[in-house]
Structure formats: structure tokens, C-alpha cells
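J.: Letter by letter, the chains look like this.
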Amino acid sequence: NAGVMQNPRHLVRRRGQEARLRCSPMKGHSHVYWYRQLPEEGLKFMVYLQKENIIDESGMPKERFSAEFPKEGPSILRIQQVVRGDSAAYFCASSPLGGEVGEQYFGPGTRLTVT
Amino acid sequence: QQQVKQSPQSLIVQKGGISIINCAYENTAFDYFPWYQQFPGKGPALLIAIRPDVSEKKEGRFTISFNKSAKQFSLHIMDSQPGDSATYFCAASMMSGNQFYFGTGTSLTVIP
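Chains as they are written, first to last, in the working numbering: chain S, 310 to 424; chain Z, 608 to 719.
Source of the hints: derived by calculation from the structure; they are not laboratory data. Misleading hints may appear alongside valid ones.
[Unchecked claim] Under the rule of at most 25 Å between Cα atoms (straight-line distance), these lysine-lysine pairs were calculated in the PhoX-like manner:
| hint | chain 1 | residue 1 | chain 2 | residue 2 |
| --- | --- | --- | --- | --- |
| 1 | Z | K678 | S | K353 |
| 2 | S | K353 | Z | K612 |
| 3 | Z | K665 | Z | K612 |
| 4 | S | K353 | S | K371 |
| 5 | S | K360 | S | K371 |
| 6 | Z | K649 | S | K336 |
| 7 | S | K353 | Z | K649 |
Based on the sequences and whatever the hints tell you, model everything.
T.: Okay, here's the thing in C-alpha cells:
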């Protein structure tokens, strides 16, 4: 039973480039959450998606960040025109259909470094 | 603002000792309080969780104590082992909500 998968695990981008982070939820899970972890800080919620729908994006920066969870394929967090402040670990979590918030299972994260 | 405050930032404990990590929250609507364990390079893994209808929950060497009136909860690790060395995060959420609010983490080191 594979867990939540994220790729790439490490991503280096120059300022101004685009970063695409992918998340494949656990089998049977249809809810995806994205969190960002800055150095020395806890995780901060960014966005909650179900298949083809954004349910809650209250934690997403208003500009440059977007997320999707298509009917087929992984969820993607996209950061356009990256800046040094975007350097962080980005974690994806998934939960089953109808599950409670407590059932979020986290992936290993993507560590983004902006040079 | 930080919805969940966690202390200490770091903790060093001798093998066999008790590790205690504390968290406090403000939002009385929170009704689910999990603790996560994170090893370097890994994602957070659920360790133990409690709901406010009980004051204590124990799973093996891990115990959550919950004080609803003080809006505080803590994680106790009994007989701490070097393998427990990790970063621990408390969190809070509303079961009807979509997200966790995480504390800033405690780096635990258990010395052999």
C-alpha cells in the first residue's frame, strides 16, 4: 500500500523560473492538501483540493501560486516566477473520501531551493 | 498569527527519561489535537491524537494530556529512546474544517 508520493524530492530553480511540484495521493484517497514548511517553522496550510475542485485556498499567496488536482494524474502545485523567499519544503497530504480532517497522511515533501 | 504555540523549541533528554512538550491554543472551536513526528528528510507522521472530551490518551510510551480550561495540551514520551530523536509538532483543527494549524516544532534529542 504505497503512501503519498511527491516528486521531485529536491528541486532547484533560479529566480524567475517556474516550479512544479507533484503529489500522488494514497490509493483510494480523493482529497489533497498542500502545506509549506519554512526553516525553523511548522507547516502552514496552503490549499485543499478534491478531484477537479479547489475547496479551500485560504492559505495560498494571492500571486504566482496555483494548484490543481485533475481528474486523471497527480495534484500539481505551481509557483511562477520563483523568488528566494519561496525556498521551503512543500508537503502534500491526502485523505480518503468522506474522511475526517484527522486522517491526513503526509508525503515526504519536495524541498525547493531558489538560487 | 500563530494559532498554536509550542515549547520548548529544543529538548535534550537522557535515554530512559521523560520528554515533555507543551502546546497552547486560543481558538475554542478546535476539537482535534494530533501530534506528529518528523524525521529529517521525511514527512510528518501521525503519532497520537486526542479530542477534547477526554483529558488523557495513552498509546504505548506516548501520552497526550489535555487541559480544556487552560487550552493546553502536552505530549509525554516515557522511557525516551535514541530512536525517538526527531522533531515533534503539535497541531489543532476543527473536525469540520479542512486544515491543521501546526506548532513551530520541538527538536528532541535523546542521548544514549
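J.: Holds or violated: K678(Z) with K353(S), Cα cutoff 25 Å?
T.: 21 Å, holds
J.: Below or equal to 25 Å on CA atoms is what counts here, so check K360(S) against K371(S).
T.: 22 Å, holds
J.: CA of K665(Z) to CA of K612(Z), is that 25 Å or under?
T.: Within the cut-off at roughly 22 Å; holds.
J.: Taking only the CA atoms, is the gap from K353(S) to K371(S) under or equal to 25 Å?
T.: 15 Å, holds
J.: Keeping to a limit of 25 Å between CA atoms, is the pair of K649(Z) and K336(S) held or broken?
T.: 20 Å, holds
J.: Is the straight-line distance between the alpha-carbon of K353(S) and that of K612(Z) 25 Å or less?
T.: Given pair K353(S), K612(Z) holds - Cα atoms ~13 Å apart, limit 25 Å.
J.: Against the 25 Å threshold, does the CA-CA distance of K353(S) and K649(Z) hold or violate the hint?
T.: 16 Å, holds
The structure meets every hint from the earlier list without exception.
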